[in-house]
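Given the structure of chain A, go ahead and fit chain B onto it with the hints provided.
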Amino acid sequence: MKIKYEVKGLDCPNCAAKLAGMMEAREGIDSAKINFLTEKLTVETSLDEAAAYTVLCEAARAFSKSVEIVK
Amino acid sequence: MKGLIGLLKSELARIIIGLSLFVPAFILERVGEGAAEHTLYIISIILYALSLAVAGIPVFLGAFRGIIRRDLLDEKFLMSLASVGAMIIGEMSEGVAVMLFFLVGEYFEHRAVAHSRRSIRALMDIRPDEACVVGEDGEERVMDAEDVEVGSIIVVRAGERVPIDSVVISGSADLDTSALTGESIPRPVCEGSAVEGGAVVVGGVIRCKTLRTADESAAARILELVENANESKSREESFITGFSRFYTPIVVGLAVLVAVFPPLFVDNITFSDSIYSALAFLVISCPCALVISVPMAFFGGIGGAASRGILFKGGNVFSAVARADSFVFDKTGTLTSGSFSVREVVPVGISEEELMYYAASAEYGSTHPLAECIKGAARDAVIPEEYEELAGLGVRATVKGHTVLVGTERLLAGCGVASPSDTGAATVLVAIDGRYAGKIIVKDEIKSEAESAIRELSALGAKRTVMLSGDKKERAYEVAQALAIDEAVPELLPEEKYRKLEKIIAASSAVCYVGDGINDAPALALADVGVAMGAIGSDSAIEAADVVIMSDDLTRLPLAVRIARKTVRIAKANIVFALGVKLGVMILSVLGLANMWLAVFADVGVAVLAILNSMRTLSARGK
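Protein chains in written order, with numbering that gives the first Met the number 0: chain A, 0 to 70; chain B, 0 to 622.
In isolation and in its complexed conformation, chain A is listed as follows (with noise of 0.2 Å):
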C-alpha cells in the first residue's frame, strides 16, 4: 500500500535522506522517499495504516525530537 504523509521540521534535505534510510530500515516499511522541499513523504508499506503510522512515528522520534509527520 502507498501512503503519503507530509514532514516538518526537517533541517536539510542530507537529513531527510537519512531519516527516509532509517524509515526503510523499519519492519513492514518497504520503501519510503522523502521530498524536502515539498515535504512529502512517500512510503510504500505491508502494514495497515494505522500501524505505519506509529512505526513512522518513532523512526522520526529516534531521528530528531523536532520532525513531526502529519497524516
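Derived by calculation from the structure, the hints in this document are not laboratory data. Don't be surprised by glycine CBs; every beta carbon is placed ideally from N, CA and C. Please note that the accuracy of each hint is not assured.
To be verified - Calculated lysine to aspartate or glutamate pairs in the DMTMM-like style (CA-CA distance at most 20 Å, straight line):
| id | chain 1 | residue 1 | chain 2 | residue 2 |
| --- | --- | --- | --- | --- |
| 1 | A | Lys1 | B | Glu226 |
| 2 | A | Lys3 | B | Glu223 |
| 3 | A | Lys7 | B | Glu384 |
To be verified - One-sided excerpt, in silico: chain A residues whose CB lies under 10 Å from chain B:
| id | residue |
| --- | --- |
| 4 | Cys14 |
| 5 | Met21 |
| 6 | Ser45 |
Stated by the list, open to error - Computed spacing ranges between beta-carbons, pair by pair:
| id | chain 1 | residue 1 | chain 2 | residue 2 | range |
| --- | --- | --- | --- | --- | --- |
| 7 | A | Glu48 | B | Glu129 | 18 to 28 Å |
| 8 | A | Ala49 | B | Leu71 | 27 to 37 Å |
| 9 | A | Arg60 | B | Val201 | 25 to 35 Å |
| 10 | A | Ala61 | B | Asp214 | 51 to 61 Å |
| 11 | B | Phe238 | A | Ser65 | 46 to 56 Å |
| 12 | A | Ala49 | B | Pro248 | 35 to 45 Å |
| 13 | A | Lys70 | B | Phe238 | 45 to 55 Å |
| 14 | A | Ser65 | B | Ser183 | 36 to 46 Å |
| 15 | B | Phe238 | A | Gly27 | 25 to 35 Å |
| 16 | B | Asp173 | A | Arg60 | 14 to 24 Å |
| 17 | A | Ala61 | B | Gly579 | 34 to 44 Å |
| 18 | B | Arg244 | A | Gly27 | 18 to 28 Å |
Okay, now just chain B, sitting in the frame of chain A:
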C-alpha cells in the same frame, strides 16, 4: 522555568540570548588578558560556557542522537566536535562563535527555505477547496469540492474559481484561465462552453454541470504534474546527491590528515595549529548548501514556469530543453491555428459572388471551421429553407428553392454529381441543383505570433527548424517561407512524420518536437524533448510530452527555452560557487590563513546565498 525552556526552543531567542552572553564574555576576556587577577577571565569562561549551552543545546542533543545511531558523520556531531575541540585547544571565543554563527546561518537558511516553499505554494494555489452545489430543491449548499459527484449542478459567481471541470448550462461570463494557461486575456464562455477547474470567473454568473471529480480536474492534474516533476532528477541533481555521499567522509578524512601530519613534518606547525585547521574542515563538512540549493533551483524553475502556463515534467527536462538545437514543428494546430480563410474561389458556370452566396447560405447554421470561413468571406447570405448537416461530408440545404450541396467530393458523388477529382483537404466543393458549380479553396491561418516565436528561437541559437505537414506542397512551402523555417516536409502521412522525425533525431544532437498532442503522441515521446501545445484538456498529450504548454501561444516555446537555460545556469553556478568557496576555505585553512569564522560562512553563509540565488528561477522571465 517552563517559560525559559519554551523560549529556548525558538531559534531567534537562542541567538539573541547566546549573543548577549557572548559579547560581554569576549570583552572581559580581552580586558582580563595579561592581568594578574584571574577573576575576569573566570567570569568570561563562565559566560562563554553559558552562551555555548544556550546556542548549542539542540545541536549537542542532535549530536548525541547521532552517536546513538552510530552516525559519526552527522552534521550536528561534527559541528559539536568542532566547537568543543576549539575550546579544548584554548580558542574559547572561536568555539562559541562557531556554534553561534552556525545557529545564525541555520536561522537564515530555514527562513530562506520556508520563504521559497511559500512562494512556490502561492504560485500553485490554484485549486479551489469548495464548491457551491445546487440541490434538486434548488437550494445552494457549499461543500468540499472533493465530495462533489460527477453530474452535479454548481454555481460559480464573479471572483470565484471554477472548482471542477464542467460545462456551462446557463449564464455567461468571462473566464480568466491565467493560473492554468498563463494566458492573461479572459475568454468569454456561455451555455455549452467547457470550463476548467482552477479558472476564475470574472464578471457574470454561470451554472455548470460537473464533468469530472475534483481530483481529475485541470487544476488538480497540473498540481500533480508539478509535484511529480520534482521526483525525476536532473543531471545536476543526481550529480549532487551522488557527490554528497562521498563529500562528508572525504572532508572528515582530510581533517584527520590535516590534524596529524603537518606537525610531524613541518617544524613550525604545532598540533594546536593543525587541530585548529582540522576543526575548520569539520565545520564545512556538511554538503547542505549544495544539496539544498541545486534541487531548489529546479523546484523554483518548475514553479516559475508553471505560473506562465509551461509545465516541465521533471528536472531532467530542463537540461534537455536547454541543450535543444533542432526544433521540429507539426504544421496544423501548432504553427497554424484551427481557423481558415478563403484562398481562391473557382466558379463553374456562375459568378464568383453567386457561388459564395449559395455556399454561405447553405452553411448558415453550421459552426464547422470551414463553414465559418466561407460565411466570413461571402458578401451576402440568407437563411436556408431546409438544412441538413452530414457529419464528415458537408451540408445539404435548400436556398431560395435551389438544392445546394457544400462539402467533399464524396458528398457530391453520393448525390450523383460529378466533380473534378484533384481536390485536397483544403477544398470545398459546391453543387447547385445537381450540377457542379465550382470550388472554394481555403487555407489554414498562420498563428499571428508564430513568426516572432521562430525568430526568437533562431536568436536563441536554434540551428535547424523543420516543419512537418500532411498538407499540400504549395501551402507547406508557403507557410515555411512566411515563418522563415529552414525546411518544410509536405504531404506526410502520420507514420511518415514519425520516420522523418527519426531521421532528424539521428542527425542532430538534441531535437525538440512541438505538436498539438492530437495524433502525434508517438512523435512527442520519440523526440529528446516533446512539447505539447494547448494541451490543457488532453490526457494523452500530457502523458507523452516532456513539456506541456497549456495555451496555444507559440511564444511560450522560446520562453520555455530561456527558463530552462536560466534554471540550469543557476544550478550550475550554485555547484561551482558552493564547491569553490568550500575548497578555497580548505586550502586557506591548511595554509593557516582561514579561521573558523570563515569556515562557518563557507558552510551556512554559502547555503543561504545559494538558496537566494536559486529563487531567481521563480521569477520566470527567463532572462
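Tested hints:
no. : hint                             : in the structure
1   : Lys1(A) / Glu226(B)              : holds (16 Å)
2   : Lys3(A) / Glu223(B)              : holds (13 Å)
3   : Lys7(A) / Glu384(B)              : violated (70 Å)
4   : Cys14                            : holds (8 Å)
5   : Met21                            : holds (7 Å)
6   : Ser45                            : violated (22 Å)
7   : Glu48(A) / Glu129(B): 18 to 28 Å : holds (26 Å)
8   : Ala49(A) / Leu71(B): 27 to 37 Å  : holds (35 Å)
9   : Arg60(A) / Val201(B): 25 to 35 Å : violated (49 Å)
10  : Ala61(A) / Asp214(B): 51 to 61 Å : violated (35 Å)
11  : Phe238(B) / Ser65(A): 46 to 56 Å : violated (30 Å)
12  : Ala49(A) / Pro248(B): 35 to 45 Å : holds (39 Å)
13  : Lys70(A) / Phe238(B): 45 to 55 Å : violated (35 Å)
14  : Ser65(A) / Ser183(B): 36 to 46 Å : holds (43 Å)
15  : Phe238(B) / Gly27(A): 25 to 35 Å : holds (33 Å)
16  : Asp173(B) / Arg60(A): 14 to 24 Å : violated (53 Å)
17  : Ala61(A) / Gly579(B): 34 to 44 Å : holds (37 Å)
18  : Arg244(B) / Gly27(A): 18 to 28 Å : holds (26 Å)
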